[in-house]
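Whole structure, please, built from the sequences with the hints as guidance.
Here's the letter readout for the chains.
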Amino acid sequence: MDTTSIKTSLERVRTTHPLVHNITNYVTVNDCANALLAIDASPIMSDEPLDVGDIQTICGGLVINIGTLNQSTIAGMHEAAKVATELGHPIVLDPVGAGASALRTQTAADLLDAYPIAIVRGNISEIKALANGAASTRGVDVCPDDIVTDENLEASAAFARDFAARTGSVVAITGPIDIVADSTRSFAVRNGSKLQGRITGAGCMLSCITGAFAVANDDALLAALGAVCTTGVAGNLAEERMGELDGNLSFRTYLIDALYKLDGETLANRALVEDVQ
Amino acid sequence: MDTTSIKTSLERVRTTHPLVHNITNYVTVNDCANALLAIDASPIMSDEPLDVGDIQTICGGLVINIGTLNQSTIAGMHEAAKVATELGHPIVLDPVGAGASALRTQTAADLLDAYPIAIVRGNISEIKALANGAASTRGVDVCPDDIVTDENLEASAAFARDFAARTGSVVAITGPIDIVADSTRSFAVRNGSKLQGRITGAGCMLSCITGAFAVANDDALLAALGAVCTTGVAGNLAEERMGELDGNLSFRTYLIDALYKLDGETLANRALVEDVQ
Amino acid sequence: MDTTSIKTSLERVRTTHPLVHNITNYVTVNDCANALLAIDASPIMSDEPLDVGDIQTICGGLVINIGTLNQSTIAGMHEAAKVATELGHPIVLDPVGAGASALRTQTAADLLDAYPIAIVRGNISEIKALANGAASTRGVDVCPDDIVTDENLEASAAFARDFAARTGSVVAITGPIDIVADSTRSFAVRNGSKLQGRITGAGCMLSCITGAFAVANDDALLAALGAVCTTGVAGNLAEERMGELDGNLSFRTYLIDALYKLDGETLANRALVEDVQ
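Protein chains in written order, with numbering that gives the first Met the number 0: chain D, 0 to 276; chain U, 0 to 276; chain Z, 0 to 276.
Worth flagging that the hints you see were computed from the coordinates, not collected in a lab.
For every residue, glycine included, the Cβ atom is placed at its ideal position computed from N, Cα and C.
Among the hints, erroneous ones may be present.
Rough simulated footprint, nothing fancy, chain U against chain Z, three-plus residues with beta-carbon under 8 Å [what the hints assert, rightly or not]:
no. : segment
1   : 92 to 101
2   : 242 to 253
With a cut-off of at most 27 Å between alpha-carbon atoms, the simulated DSS-like pairs for lysine-lysine come out as follows [unchecked claim]:
no. : chain 1 : residue 1 : chain 2 : residue 2
3   : D       : Lys-260   : D       : Lys-81
4   : U       : Lys-260   : Z       : Lys-193
5   : Z       : Lys-81    : Z       : Lys-260
6   : U       : Lys-6     : U       : Lys-193
7   : U       : Lys-260   : D       : Lys-6
8   : U       : Lys-6     : Z       : Lys-193
9   : D       : Lys-260   : U       : Lys-193
10  : Z       : Lys-260   : Z       : Lys-6
11  : U       : Lys-81    : U       : Lys-260
12  : U       : Lys-193   : U       : Lys-260
13  : Z       : Lys-6     : Z       : Lys-81
14  : D       : Lys-6     : D       : Lys-81
15  : D       : Lys-193   : Z       : Lys-260
16  : D       : Lys-193   : D       : Lys-6
17  : Z       : Lys-6     : D       : Lys-193
To list a few chain D residues with every Cβ distance to chain U over 12 Å, as calculated [what the hints assert, rightly or not]:
no. : residue
18  : Gly-87
19  : Leu-152
20  : Phe-162
21  : Gly-174
22  : Thr-252
Shown next as structure tokens:
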């Protein structure tokens, strides 16, 4: 995937203003909305089963994040995904905390089984929990043993391709090194800041941004890669802006500001993407 | 409406610290609370049907925002509005996304029918959806065809006065040019920043601020106009503070900061209000 | 309690990264998560009754905040508290708005009766409502008559010790002067900024931070005192950073940034703790 494609993937979002329906957790929902607005997308949130069908109908895609499930929102997720599927809209699934509880693992697995999920975006522990049915997640964090490193990079890429092949979804596994893969191609992205692990919502925002990219770009692999690079480069830019007294909340501001300011040219110049087989 | 009245309307909020009960969406609720605190009002959020009656009783007014409905919160809205009505407290309704789904349009229409809503605050598409029963909203955004411009300003003001006459509510229609009207008088306000459209919650915050103004000011038209000018001038001040690296999240900070710092004198000097008939 | 212990209490949090399960309100939940991340703790939010047991099992402690109750979350609070009790995990209770509604007062009282709450953290009006069964709270604010001052400091400390003796919980009563007490010892803390009263969530963040301290420190009195001092000193540092145009939202950023930057040494040097009997 060349950086010209990555550049174009962002520009398509900026010029088409995709309307994205998000069923997401109440912890980071405000950041998700502002992150979508930052990249010229338009967010709408709705989780009530009686509301989601109409809302999905007027949107271009759906993002489902299971970070704070309840029984009503689970029903809303299924109803919205059903309508999105009927309409051929891309669905992005963020399995927050899969592996940390039976309800989360089961809900994510059910959604993945029942609908043609375009892109799954999670950390490596969550994706492994979905792949294995094994509960090894440390809450919403990554288990230290799972982290993608240079040493296990090829094995991790193979795992990602295998997951993509089995589910039919593009997968974006994010962490210090991000992996984006479909069943045959896999890429590593080395952008981003350690500070993204010190704010809540870095992953949730990325999932929503991925939704916007998936609406604006027909190629799901390019959409996932464009979203991962956009967020990663914004993380780099945000870290460079940190002053002496700044902590994680200033970083959050700088991250969303950087998403707002980022143009395709800068993205192409700073994206650190490599083929990994 | 002269600017001395506008000035006084803000000063009444700052000196009386109105306690405002908000049933609002979970996307922007934190910004709403901080915006109320910024103008020296005191927010309380409660949507559980078993809780809202007691909470409304100790408050001076009620703000209902339908941005993220669910069946329990709809019941809470009705219960709270019933108690507010019995106590003679002003109610502000923000019909977020009316026109975008049947549930939203119906819920807003039901509330408007059943209770003496003091002020309805929305964008032009939402107000038209309520007026027409027609679903033409683009999610929570304005349809391009609907935008209030200099060309359609008098017609838009007439529409607003007519809506006010039919509903018995003051109406505040916000956008690039804001219109505030009761059944006989209508005003245009030309404050505010384009950046308010690039953050989530600009409208929600205004609705909550309108609630605080309505508690502190008996005249609902003055309350709505004071709130619209206050938020618009804060938007101008926030935009003036934007630096080279600042994006939409910095703008959000500057907007609420500007609400915090704004005094009646500055408000009166910068409010751009005109009679439109 | 010497300042070396206070210093150590923070350092224990920073080095052990306690995983804290929060059932908290949707108004300030994002700030709570970022405040926990700022002090190197790890937050997870879950309120669905079917989810909370598994989540509590993988965490070290539980924070319950009743700021926006609904019937499902009340059930989730009891289920989570039951599991925390079985596992011997510390529970922190924040009775937001106790006294403002029957549902809030009753829910807080029920939780306090049914489980061995390690620490109760609230403002003086909320704690008095719990102590007296009397409803005298002004929403989520303090009634002016209740404020802890130099004049009533010893009486307030005696009230706190008595409350601790009757409930078996450590109590942290926060305001212009904070009081932290168990049944026999009581301390006043004179850190913090008036601006903490002009943002939403200052109390909620403190309660979550208290949860992290309670997981990392076996001594509940030290945990509460460490958390109160940490938040208070961060408030002092944040206020010192305020610029001419800064308002309450900048203060919120500076507060969480200060939590992020605060080390044990600075905490020990700036904590203003005194014995009060």
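Among the hints numbered above, which are violated by the structure, and what are their numbers in rising order? The structure conflicts with hints 3, 5, 7, 11, 13, 14 and 22, although it agrees with all the remaining ones.
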